[in-house]
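Participant: Residue numbers (this note's numbering), protein chains in the order written: chain A, 1 to 225; chain B, 1 to 225.
Fair warning: there could be bad hints in the mix.
Distance condition first, Cα-Cα at most 27 Å in a straight line; then the derived DSS-like pairs of lysine-lysine [said to hold, decoys possible]: (1) A/K51 - B/K13; (2) A/K85 - B/K146; (3) A/K85 - B/K38; (4) A/K51 - A/K131.
Per label pair, the in silico range of CB-to-CB distance [claimed, not checked]: (5) B/K13 - A/A154: 39 to 47 Å; (6) A/A172 - B/K51: 38 to 46 Å; (7) B/Q161 - A/F5: 34 to 42 Å; (8) A/D141 - B/P111: 47 to 55 Å; (9) B/P120 - A/D6: 25 to 33 Å; (10) B/P174 - A/E58: 49 to 57 Å.
No lab work stands behind these hints: they were computed from the structure.
Fair warning: this is a prediction, and the values are worked out from it, not measured in the lab.
Note that the Cβ used here is the ideal one computed from N, Cα and C, for glycine as well.
Number of protein chains: 2
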Amino acid sequence: MERHFDEELKNLKQKLLQMADTAQGMIGLAVRALTERKEPLAGEVFALEEKVNAAEIEIEEEVLRLLAVRQPAARDLRLLTAILKINNDLERVADQAENIAEIAVLLLKEPPLKPVIDIPKMAALSQRMIKNGIDAFVKHDASLAKAVCEDDDAVDRINDQRFRELLTTMIADPKSVTRAVDLILVGRNLERIADHATNISEDVIFIEEGKNIKHHLQEKPEASS
Amino acid sequence: MERHFDEELKNLKQKLLQMADTAQGMIGLAVRALTERKEPLAGEVFALEEKVNAAEIEIEEEVLRLLAVRQPAARDLRLLTAILKINNDLERVADQAENIAEIAVLLLKEPPLKPVIDIPKMAALSQRMIKNGIDAFVKHDASLAKAVCEDDDAVDRINDQRFRELLTTMIADPKSVTRAVDLILVGRNLERIADHATNISEDVIFIEEGKNIKHHLQEKPEASS
Numbered sequence: 001m002e003r004h005f006d007e008e009l010k011n012l013k014q015k016l017l018q019m020a021d022t023a024q025g026m027i028g029l030a031v032r033a034l035t036e037r038k039e040p041l042a043g044e045v046f047a048l049e050e051k052v053n054a055a056e057i058e059i060e061e062e063v064l065r066l067l068a069v070r071q072p073a074a075r076d077l078r079l080l081t082a083i084l085k086i087n088n089d090l091e092r093v094a095d096q097a098e099n100i101a102e103i104a105v106l107l108l109k110e111p112p113l114k115p116v117i118d119i120p121k122m123a124a125l126s127q128r129m130i131k132n133g134i135d136a137f138v139k140h141d142a143s144l145a146k147a148v149c150e151d152d153d154a155v156d157r158i159n160d161q162r163f164r165e166l167l168t169t170m171i172a173d174p175k176s177v178t179r180a181v182d183l184i185l186v187g188r189n190l191e192r193i194a195d196h197a198t199n200i201s202e203d204v205i206f207i208e209e210g211k212n213i214k215h216h217l218q219e220k221p222e223a224s225s
Numbered sequence: 001m002e003r004h005f006d007e008e009l010k011n012l013k014q015k016l017l018q019m020a021d022t023a024q025g026m027i028g029l030a031v032r033a034l035t036e037r038k039e040p041l042a043g044e045v046f047a048l049e050e051k052v053n054a055a056e057i058e059i060e061e062e063v064l065r066l067l068a069v070r071q072p073a074a075r076d077l078r079l080l081t082a083i084l085k086i087n088n089d090l091e092r093v094a095d096q097a098e099n100i101a102e103i104a105v106l107l108l109k110e111p112p113l114k115p116v117i118d119i120p121k122m123a124a125l126s127q128r129m130i131k132n133g134i135d136a137f138v139k140h141d142a143s144l145a146k147a148v149c150e151d152d153d154a155v156d157r158i159n160d161q162r163f164r165e166l167l168t169t170m171i172a173d174p175k176s177v178t179r180a181v182d183l184i185l186v187g188r189n190l191e192r193i194a195d196h197a198t199n200i201s202e203d204v205i206f207i208e209e210g211k212n213i214k215h216h217l218q219e220k221p222e223a224s225s
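One chain only, chain A, in its complex shape (with noise of 0.2 Å):
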């Protein structure tokens, strides 16, 4: 019985890793879709949403059967309950991949605004935490988690900078109005992935050190269970 939990762990484990290089997948396309003007990587986008959105459902179901029927206490519930949250950032991160992509179709109706070398930026930023926060959580590496919150930082300061910068291009150029609004939204959407991954690290610390680091609260002792 134990030794089979185990192996429904690991395939449960499995999917969440699919999952994870999906949403990063999804990324990654949407940006392409949009620097390099391809408008049918944003259909792949598209596409891939809805495989997400089936691995979201699946992975729930799948949670929810190894509670009632498993009735696991502790550390493997923890990772459980973990695990229905990490499933819901990531669906809400191909959301916002999918918000990414349609914005670029709406973009590519029009001429370029100007080199958005930040955009592949901030991409690539948050794709690294996504993969950063599931492996620390496959690899139960809390030092790692850590890490990702530190990277979230960095995509906030871009995101900034761009923000402001977008804001002089409209105040120059009322013909760039659209367009910058949508960049800027496109940054938005980026921000939110990075916040996304920095919650699943929060979890994993969670997990591995049995404190709750969310809110940058004090550390306090482990919940009595």
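Chain A is fixed; fit chain B onto it per the hints.
Facilitator: Quick look at chain B alone, frame taken from chain A:
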């Protein structure tokens, strides 16, 4: 033992109701800070955000404790995992309200851009959605939960229209750019609050009808558990 568990669940629902009340109040205060140009109201929002963060952690730890100690099955299990998710959604609603209050503080440094009648309208709708979503949860009312999903379409429609209006304003008057972008971001925050209320309602429908309506998939038989 059963009686005791019922009592514990009741207390937990009570805490969730309180948190929802606070989050709803924060939306109202943040929007009033902006529309009535009253900066102290933004300060109240920041104080309440701390309270919501503490409540989220408390509720999460209580759910984990109950899962471990009570080992609930079937319906109670689904209820507890839904509380975990609703808890998370409410905390994110509070985050969005905090964002609105932050933008309000910035906007109050400048003269008002134009009447913002659509913002109170969107805020009132999204507050009602949170209230109805939580009421649907506590009263096991799937049809109320479905009404919430319909309200979401109304919020999206209002937001799309004001988004287009604000683009037009910026194009006509470059001096309005910074303020108009801030107002666009407030609209996005309210739209996200409505999305969280929709998530909550989808969880309620899942508990009450045992099926997952997320992503508008076809009805599927209940997971075997």
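Participant: So, for every hint listed, does it hold in this structure?
Facilitator: Hints, verified against the model:
1. A/K51 - B/K13: violated (34 Å)
2. A/K85 - B/K146: Answer holds: A/K85 to B/K146 is near 24 Å, not above 27 Å.
3. A/K85 - B/K38: Violated, because 37 Å separates the two Cα atoms, which is more than 27 Å.
4. A/K51 - A/K131: Status holds; Cα separation ~19 Å.
5. B/K13 - A/A154: 39 to 47 Å: holds (40 Å)
6. A/A172 - B/K51: 38 to 46 Å: holds (43 Å)
7. B/Q161 - A/F5: 34 to 42 Å: violated (53 Å)
8. A/D141 - B/P111: 47 to 55 Å: holds (52 Å)
9. B/P120 - A/D6: 25 to 33 Å: Check failed, 54 Å falls outside 25 to 33 Å.
10. B/P174 - A/E58: 49 to 57 Å: holds (50 Å)
The structure does not agree with the numbered hints 1, 3, 7 and 9 stated previously, though it agrees with the rest.
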